[in-house]
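Use the sequences and the hints to build the structure in full.
Chains as they are written, first to last, in my numbering: chain Z, 1 to 70; chain B, 71 to 354.
Worth flagging that the hints you see were computed from the coordinates, not collected in a lab.
It cannot be assumed that every hint is accurate.
Said to hold, decoys possible - Just a few of them, taken from the derived set where beta-carbon distance is under 7 angstroms, the chain B residues facing chain Z:
| hint | residue |
| --- | --- |
| 1 | K240 |
| 2 | D300 |
| 3 | F302 |
| 4 | N322 |
| 5 | V326 |
| 6 | V340 |
| 7 | R344 |
| 8 | L346 |
Just so you know, these numbers come straight off a predicted model, no measurement behind them.
All C-beta atoms in this analysis are idealised placements derived from N, C-alpha and C, irrespective of residue type, glycine included.
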Amino acid sequence: MNGHDLERVLSLIDENIGANQTRLRFEIIQFIQNHEDQVVDQLRANESATIPTSAGEITLSLADLREAVA
Amino acid sequence: MLALVVSFLVAVYLLGPNLVARFILGFIVPRKNLVQSRWEEFTRAVLWAAIPLVIAVLWAVKTGAIAKVGQVADLETVFSGLYSERYFGAHRAEFFSSLRSFFWMNLALLLPLYSLIVGVSILFNFLILHYNSIRNTLKSTQMKTLLATIVLPRVSEWHVLLSDMLLPSKNLVLTADVLTKSNTLYQGRVQDKMLNSDGSLHSVTLASPRRFLREQFQKAKDELPDTEIDDFWHNIPGNLFIVMGSDIVNLNLRYVREIAFASGSSPEEVEVLRRLLARLTESK
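In structure tokens, the structure reads:
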């Protein structure tokens, strides 16, 4: 793979990261809205909640939550 | 004897620098992940040898490092002695005296040569390690391409895609959906990969692997159209699930930020999270 091809792949990875982050946020928000009680219970018990997404389970910590709304 | 000495000099001056450079670069990019054609191998070897050699010679000439320890006449005496036994017999004392100078002259050249090679290789390692932050400071695509051409060795595309070497952040995890020839879909975090000597994919190791129960899902979907897909992933125990490259039909790679809300959240999303936090506070 030469420099040009490599740079192309890296640009695709950048796009992939952006698209996945948007999709993942959407899935997490949807899950929170649909299973709010369950998420609240988990956060209360462990200071984190496990959210199933299309990319596997994502752990949402209380600290990350506070940072996101700050 | 002359052939032996010349072979040794060729090895030390032309092959050694490439070998040392490869060894040092190997700490960052494993050797098996480098894929080069024979022509690229040759060009790279010559560049790794010729350019530093020219610089080392210029440096040694300018600082007088060679002139201090020997003269051209010493080289002539040594090579003549190695070439002809008669000359060696007639100029024995002179030969050994010149041989000493010959040794120091080579050392005066080899020391800056190898210092340069080691220094540049370490610099390249540093640049590869910080490749993404350097790349992010460059605006134009041409400059980025130039950086990739100069800095990165000929890396296998699988190494770029399946390792975190060039990822912009360490908070990223790589997940993959792997469809195999037996029509089974696996998902997991890419833990490792193995490449063949030609750079092709030998195997992918997945952590937190799960298998999609396609038939059950189809059956449930037929009966109940609202069936959620998440319920049909079966967790596979273990964290070293290996899928052989020859068994893979396609791969869907996803680079996912571990902290999804680190940046770029919309006001609506922030509002949902705020409500969630408010509920937690209320209950206390």
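Hints and how they fare:
1. K240: 13 angstroms, violated
2. D300: Holds - the Cβ of D300 of chain B comes within 7 angstroms of chain Z, reaching about 5 angstroms at its closest.
3. F302: This hint is violated: F302 of chain B lies away from chain Z, its Cβ roughly 12 angstroms from the closest one there, beyond 7 angstroms.
4. N322: At 10 angstroms from the nearest chain Z Cβ, N322 of chain B fails the 7 angstroms test, so the hint is violated.
5. V326: 5 angstroms, holds
6. V340: With a closest approach of 6 angstroms, the V340 of chain B hint holds.
7. R344: Since chain Z brings a Cβ to about 5 angstroms from R344 of chain B, closer than 7 angstroms, the hint holds.
8. L346: Cβ of L346 of chain B sits 6 angstroms from chain Z, so the hint holds.
The structure fails hints 1, 3, 4 (numbered hints given earlier, in ascending order).
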